[in-house]
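Enquirer: Chains A and B, in that order, are what the protein sequence lines are.
Residue 67 in our numbering is what sits at position 67 of the first sequence, and the numbering runs on without skipping anything.
Residue 338 in our numbering is what sits at position 31 of the second sequence, and the numbering runs on without skipping anything.
A hint or two may mislead.
To be verified - Stretches of chain B that chain A covers, calculated by requiring three or more beta carbons in the stretch to come under 8 Å of a beta carbon on chain A:
#, region
1, 342-350
2, 414-428
3, 439-453
FYI, nobody ran anything at the bench for these hints, they're computed from the structure.
Even for Gly, the Cβ is constructed at its ideal location relative to N, Cα and C.
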Amino acid sequence: MISSLFRLKFAKVLMLIIISALVVGCKSGEKGEKEPEFDVDMQEIDQSLFDNINQAKRVFYSMPSPLETAMLVRSAGAIYNEDLLNSLDNVGNYTTNRSMALNLGIYTCDLSFASLYDQTQTSISYLSAAKKMADGLGILDAINEETLERLEENVNNREVIMDIISETFMNSSAYLQENNRQALSSIVLVGGWVEGLYLAIKLVDQDSFEGNKLVDRIVDQKLSLNIVMKLLEDHKNNPDVADILIDMNQLKAIYDKISITTSEIKTSFDEETQITTLESTTKNNFTLEIFIELSTKVESLRETYIL
Amino acid sequence: MKRSLFVFVLIALVFSLPQTGKAQCKGFAKKVCKAELYPFIHDGNYHAAILTEGEEAELYKTFYSDQEYRVAICGSVGLPNVEFQIVDAHRNVLYINRNDNYTNTWDFKLESSQQLKIVVKVLKAGDGTEEPVSGCVAIMFGFKIK
Chain A
1 MISSLFRLKF AKVLMLIIIS ALVVGCKSGE KGEKEPEFDV DMQEIDQSLF
51 DNINQAKRVF YSMPSPLETA MLVRSAGAIY NEDLLNSLDN VGNYTTNRSM
101 ALNLGIYTCD LSFASLYDQT QTSISYLSAA KKMADGLGIL DAINEETLER
151 LEENVNNREV IMDIISETFM NSSAYLQENN RQALSSIVLV GGWVEGLYLA
201 IKLVDQDSFE GNKLVDRIVD QKLSLNIVMK LLEDHKNNPD VADILIDMNQ
251 LKAIYDKISI TTSEIKTSFD EETQITTLES TTKNNFTLEI FIELSTKVES
301 LRETYIL
Chain B
308 MKRSLFVFVL IALVFSLPQT GKAQCKGFAK KVCKAELYPF IHDGNYHAAI
358 LTEGEEAELY KTFYSDQEYR VAICGSVGLP NVEFQIVDAH RNVLYINRND
408 NYTNTWDFKL ESSQQLKIVV KVLKAGDGTE EPVSGCVAIM FGFKIK
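Chain A with its partners taken away, still in its complex shape (with noise of 0.2 Å):
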């Protein structure tokens, strides 16, 4: 009678443990399981398309990843310069989770830019620190003495290096998605956009203002900031990310400042190519005054973030 009822108990008790790692399963999946509103903050668009989300089961905030910035830097015709480069010597200033966060995507921006500039000494040295910074967050093997390796193997060969930065990237990502730290992968990527705004505005010539592509590119980020904003709402119970949350608030305070305007898109196939443009226009109210606005709130964040 005993031994039946410790086998009904235990069979109970099972039963609860496999419905609760159900839950847990289900609930540990990317961080859709929210209805989260979301604006578009340009004139002229119809904000409700972004109200109308809740029936998705899944909802992604794409970031553009460091490697994507340091890209539009670098397309924006920018001029290489390794001195705005986070200093190899802090490395060892970064023990805390945020600070190694951060300074992850800092430097694996810096490595993207370097890289874009064949900088090859440069850039071997910059994935040193990356991997410091992910083996000091725990990333198992997201970079390892293989990949370092591999990368010194093909100095002269572009593409592998962008495809190494890439894959490590993904990587730690990954691994931190993997393991429920959403919330850590989230602030890698702050880290390595501020580094790219950051980049962007130091290489700007205030004298050649009107026109300037870079000047574009810095604006263009006011959309991504809205990205940047849901993606750390959805993690702000984290205190890391509330506190980043208030820095990309004060952030987006300027950056309210600038309206943009867009024309609606058209499509148009180039059947030799392959490839669809998007048509459209785009208009934009950016001035100096909140160029030098931005450029002080930016450094002075980067500053915080770096030290």
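Given the coordinates of chain A, work out where chain B should sit on it, guided by the hints.
Expert: Below, chain B alone, put in the same frame as chain A:
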């Protein structure tokens, strides 16, 4: 003692199931979907989830002017077709892969930077009487370096 060990192993196994699913999704994204981006450079971001027939996902991303992009949306083996739409901020559908036999990539470039929404849906297969199938769906982006 043996029973305690059995319970411990069972708990460990049951709780590791979701992580295994996620790890498989990462492997799928890395080995299968990333290859679809070639010759574009993968941006390094990782978006993947286990979806069931009829289930939808949405992704928001800013795409920048004068850049060429490839979006690759891949469903793991056994999943029915995965439909995707690219929608602009005016709710206009710019592209739907249903018109291209559910191809899993789309190449595009932009004259001005835009925030776009990508709506992904795993279509239902069969008459709905069978157990719905689940599998990994990955969304990945590539760009060309100028």
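Enquirer: With reference to the structure, classify each hint as holding or not holding.
Expert: Structure-based check of each hint:
1. 342-350: This one holds; 3 residues, not fewer than the three required, reach chain A with a Cβ under 8 Å.
2. 414-428: Per the Cβ count (11), the hint holds.
3. 439-453: holds (count 5)
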